[in-house]
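Chains as they are written, first to last, in this note's numbering: chain A, 5 to 408; chain B, 5 to 408.
Treat each hint with caution, since some may be false.
Because identical chains cannot be distinguished in the list, a pair is counted as satisfied if it fits within a single copy or across any two copies.
To be verified - Listed next, the in silico BS3-like pairs over lysine-lysine satisfying Cα-Cα at most 27 Å (straight line):
no., residue 1, residue 2
1, Lys-302, Lys-58
2, Lys-332, Lys-318
3, Lys-302, Lys-252
4, Lys-394, Lys-239
5, Lys-397, Lys-376
6, Lys-252, Lys-22
7, Lys-366, Lys-344
Just so you know, the hints here were simulated from the structure itself, not pulled from any lab data.
Protein chains: 2
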Amino acid sequence: MINIAVLGYGTVGSGVVKVINDNHDIVNRHAGQEVNVKYVLDLRDFPDDPIREKLVHDFRPIVEDEDVKVVVEVMGGVEPAYTFAKQAINAGKHVCTSNKELVAAKGAELLRLARANKVNFFFEASVGGGIPIIRPLMSSVTADDINEITGILNGTTNYILSKMENEGADFESVLKDAQEKGYAERNPEADVEGYDACRKIAILSSLASGKQVDYEDIYTEGITKITESDFKYAKELKRTIKLLGVSKNVDGTIYAMVAPFMIKEDHPLAWVNGVFNAILVNGNMLDDVLFYGQGAGKEATASAVVSDVIECCKNLKHNVPIIWDYDKCQLGDFGTAKHKFFVRIKGDDLDVMDKIDSIFGKVFYVKCADIKGESAFVTEEITEKDFVEKINKIGDMLSYIRVK
Amino acid sequence: MINIAVLGYGTVGSGVVKVINDNHDIVNRHAGQEVNVKYVLDLRDFPDDPIREKLVHDFRPIVEDEDVKVVVEVMGGVEPAYTFAKQAINAGKHVCTSNKELVAAKGAELLRLARANKVNFFFEASVGGGIPIIRPLMSSVTADDINEITGILNGTTNYILSKMENEGADFESVLKDAQEKGYAERNPEADVEGYDACRKIAILSSLASGKQVDYEDIYTEGITKITESDFKYAKELKRTIKLLGVSKNVDGTIYAMVAPFMIKEDHPLAWVNGVFNAILVNGNMLDDVLFYGQGAGKEATASAVVSDVIECCKNLKHNVPIIWDYDKCQLGDFGTAKHKFFVRIKGDDLDVMDKIDSIFGKVFYVKCADIKGESAFVTEEITEKDFVEKINKIGDMLSYIRVK
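Only chain A is shown next, with the shape it has when bound in the complex (with noise of 0.2 Å):
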C-alpha cells in the first residue's frame, strides 16, 4: 500500500479523491498496490464528506510522516503551493501537481530538488487538463527535433470562440453565457486575456527547449477584440478564428507567443470547439502530432493528476529524467517574427484602397456582403515590427487578426 496526501479539496482534490475511489481496481493494478488517500489538507471542514476523517488543516503532520510518499498539489497560485512542495521533496515524498503557476515559475528548481532527492516531480494535468501531453512530450517524442508546439491551450477561450462563430453572437453576451454555465471566472481576465494559455505555452516551451523560459517574456494578446464581423470575415477566408499558443524553434531560436489566429478550415486545430484543448506538436522526423482532449474539468483533470501518482508508484525509488534546466532560454524578438496579417480600417472609398495599396504593397481583399463602410484585407508576411509601423501609419484600424 501507498500512502498519498492531497493540498487543496477543491475541484480537482475533489477529483482526485473521486477518481482514486470509483476507479479503485484499475488505479491500484496499474499502480502495482493499494493507492491510499492518507491525508487531505485543506482549511475548511466539510463536516458532512466521508473525507473529514482524513482532513487536516496543517502542512506538518503530512511532511513528518514518513508513510506518505506521494505529494498531491492541488491548490493552485505559487504560494504556499512551492513552499509545499519544496517541503515534500525535501523529505523525500514525490509531488505530483496540477498547478500550471507553480510549474511555469518554478519547475525548473523544483525538478533540480527532485533529482538530488531522488523523488519525482509530475505535472501532467498543469497543460491541457486530461490531454496526455506533458509525458508524451518527455517520453515519446524524444527522437525529434521539435520545430513548433501550437495549441488551444484554453478551454474557456475556445468555448467562447466556438459559440461566438457557431451562433453569430458577439463576445460579450457569449462571456456572460459562459460565465452562467460555470465555463469562465467570474473575473475571466486570465482566459480572455490570455495569461493562463500564456503559462501553458512556456511550460511546453520550456520542455521542448530544456531551458526555462519565462512566461514574463511571451507576447500575450488575449480575445476580448474579436467581433462577430472577425468571424464574417474568417469565413470568407475558409478559415475559423482560435487563441493559439505558439513555440516556434527557428535555427535553434525559440519564438513564442499567445494571440488569436485565423487558422484554415482543414487546419487540424480548426474542428477543435467548445471547452475542448489541442496541442499539435510538429517534429522533424514525425511531422504533426496531435494530442486533444478536455482541456480543463474535476474528472479529466484528476484523471491526469493520479496518472502522475500511478508513475510516482511505478518509480518510487527512481528520479524519471525531465529535461528542464534552470538556464534561461533567451527567446527570439518578437519584432522580428513574421506573420500574414488580417486588418479592418474604416472607409472603402478609393482613397482608402489607393492608401492601404501605397502603405502595404501588395495585399489581398476580403469582401463581405453584409459589412459595410470599411474595408478588409491581408497582409503579404511581414515583421511585427513592420506591422506596427504601416498601421500606426495607415491609422482608421478597426481590428487585427493574425493569418496562418
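Place chain B on chain A using the hints.
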C-alpha cells in the same frame, strides 16, 4: 555509450539509422548517453551505403555480443522476428519493435519473458506508426476505465477513402493511384481487407483489457465494397465514411471489430484525411482523448522506434510494467453487437418500400438526387444477427455500412 543492433535494413530500419544520425544530439540528450548503432542485420548487401561497415548477415554475433544492450527488430512478420526477439531477451537485451504481426501474436509472451529477464519489450511503432499511443495508454490513461477505443489505424485505406470522397472517384482507380504513389502495396489485401487494422485493434484491445485479444477472433470487413454512391448518401446524412477499428467495453465484456462506418461530420475522427491515422480513447473520467499523426512512413515510424530505444536507455535495469497477460480475453458475441445500418437495395417503387417497412420497421429514408432505381435507408439500432436475418429476407441488397 549504449550499443544497439538493428534487425532489418528496409524502410523502417534505414529510418532508425537516419533518425539516430540526423538527430544525434537530441537522441543522446534524452537517452542520457550516446546511442551507437553497432550492427545492422540484413541478408542483403549495401555496398554503396556507409552502413556496410556495420552489416552482418547472421544474428549470432549480435546475440553473443554483451556490448549490445538493445535490439531493434524492424523486419516484420512473425518469424524469424519472434525467435530473434526471444533470444535477445533471454540474453538480457532490451527489444524494441515496430512489428505488429509479432506483437499481436506474441506480445503477451515476450512481455512476460522481458519481465523475467528484467529488460523491456517496447512496441510503440506497432500501432499508429509515429503516433504516441502505446506508451500514453500504459503511462497516462492509467486512472481510467476505458469505455471504448476507436481508431483510423491504416493510412492506405484512409488515403483511398479520402480521395474517393474528395474526387468522387471509384475504389479501383483510387487504389491504382495509391499503388503508383507507393501508398498502397502491389498486393493491397492486408490493407484494403482490414487485416492490418485488425492486428492493431487487437494490440490496443489487449492493452486496454490487460488480457490476450486474438486478432483471429475479431470480425473484420474491408473497404473494397465502398462505392462513389455510398459517399453521396453519406453526404446527405452529413457523414463521412472511415475504416474504423473499434474496441468497446460493455459491462466488462470487450466487443472488437474492424469495418467501414459512416461517422458524423463533427466526429473527432471525421477530419482525419489522407495517410494520417488517429486513435480516439474514451475513458470514464477523461471522456474523449485523441491521438493523431502519421500512421506510417519511414521517418515517423522510425522516430517512434527510437523513442523506445531512448526509454530502454532510461530504464536499463528496470522493467517498465506493461499489463498484458497470457489469459485469453473472451470477446463478446459479435452477433449481439448493436448498430444502425445504412442499406441500399434495388428498386424504388412502392412495393420495395412496403417490403422495407415490413421487414425493418421504422427506418430513415435517404434520397440522393442523381441516384435512381434504388432505395436507401438507415435502420434503427439492431443486432448484427438480426441485421443478417432481415437482409437475407429482403434480398436485392446493393450495399450496407454501419452508422455511428
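Hint by hint, here is what the structure shows:
When the C-alpha separation of Lys-302 and Lys-58 is checked against a cutoff of 27 Å, the pair qualifies only within one copy, where the shortest distance is 20 Å, while the shortest distance between copies is 53 Å. Proximity of Lys-332 to Lys-318 under the C-alpha cut-off of 27 Å is restricted to the inter-copy arrangement: shortest distance 26 Å between copies versus 32 Å within a copy. Within a single copy, Lys-302 and Lys-252 get their C-alpha atoms only as close as 31 Å, which misses the 27 Å cut-off; across copies the closest is 24 Å, which meets it. Taking the closest pair of Cα atoms, Lys-394 and Lys-239 come within 27 Å of each other only inside a single copy of the chain (26 Å); across copies the shortest separation is 45 Å, beyond that limit.
For a Cα distance limit of 27 Å, the shortest separation of Lys-397 from Lys-376 inside one copy, 23 Å, qualifies, whereas the shortest one across copies, 62 Å, does not. Taking the shortest alpha-carbon separations for Lys-252 and Lys-22, only the inter-copy value of 24 Å comes in at or below 27 Å, while the best intra-copy value is 38 Å. Within a single copy, Lys-366 and Lys-344 get their C-alpha atoms as close as 12 Å, which meets the 27 Å cut-off; across copies the closest is 53 Å, which misses it.
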